[in-house]
Structures are given as C-alpha cells and as structure tokens.
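Enquirer: Sequence:
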Amino acid sequence: EIFRYLFYRVIKKAEFALQKVQLQELTEKGMVFDRFAVAYGN
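By our numbering, the letter at position 41 of the sequence shown is numbered 41, and the numbering carries on one by one without gaps.
Simulated from the structure, these hints should not be mistaken for laboratory data.
Errors might be hidden in some of the hints.
[Unchecked claim] So the derived label-pair ranges between C-beta atoms look like this:
| id | residue 1 | residue 2 | range |
| --- | --- | --- | --- |
| 1 | Gly30 | Phe7 | 42 to 50 Å |
| 2 | Tyr8 | Val32 | 30 to 38 Å |
| 3 | Ile11 | Ala37 | 34 to 42 Å |
| 4 | Phe7 | Ala39 | 43 to 51 Å |
| 5 | Ile2 | Phe33 | 41 to 49 Å |
| 6 | Arg4 | Leu26 | 27 to 35 Å |
| 7 | Arg9 | Val32 | 30 to 38 Å |
| 8 | Phe7 | Thr27 | 40 to 48 Å |
| 9 | Ile2 | Ala39 | 53 to 61 Å |
Nothing here was measured: the structure is a model prediction, and the numbers come from that model.
Note that beta-carbon positions come from the ideal geometry of N, C-alpha and C, so glycine has one too.
Work out the full structure: start from the sequences and follow the hints.
Expert: The following block contains the structure:
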C-alpha cells in the first residue's frame, strides 16, 4: 500500500514538472510571436 502511495507521488511530481516545462515553452513561443507581431505591426 505504501508503494502505491509513493508511486502515485512520483507520478504526480512528474506530471507537475511536465506541465511546468510545457508552460515555459508556451510562454517562450508567445514571446517570440509577440516580437513578430510588434515587428510587423510597426
């Protein structure tokens, strides 16, 4: 039972880490897109 709990904790941490990485990638892409928008807008 404790193994199942530890396994669950590890999976949750991994999912959280993946979500953080995906968010960072999205913000980076968003910033690049904003730069293009500003460059073409002006």
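Enquirer: Now tell me if each hint is right for this structure.
Expert: Structure-based check of each hint:
1. Gly30 <-> Phe7: 42 to 50 Å: Given about 35 Å between the Cβ atoms, the range is violated.
2. Tyr8 <-> Val32: 30 to 38 Å: For Val32 against Tyr8, whose Cβ atoms are near 37 Å apart, the range 30 to 38 Å holds.
3. Ile11 <-> Ala37: 34 to 42 Å: Between Ile11 and Ala37, where Cβ atoms are some 38 Å apart, the hint holds.
4. Phe7 <-> Ala39: 43 to 51 Å: holds, 48 Å
5. Ile2 <-> Phe33: 41 to 49 Å: Since the Cβ atoms of Ile2 and Phe33 sit about 46 Å apart, the hinted range of 41 to 49 Å holds.
6. Arg4 <-> Leu26: 27 to 35 Å: holds, 33 Å
7. Arg9 <-> Val32: 30 to 38 Å: holds, 35 Å
8. Phe7 <-> Thr27: 40 to 48 Å: Violated, at about 31 Å.
9. Ile2 <-> Ala39: 53 to 61 Å: Taking Cβ atoms as reference, Ile2 and Ala39 lie about 56 Å apart, which means the hint holds.
Violated hints for the displayed structure, listed by number in ascending order: 1, 8.
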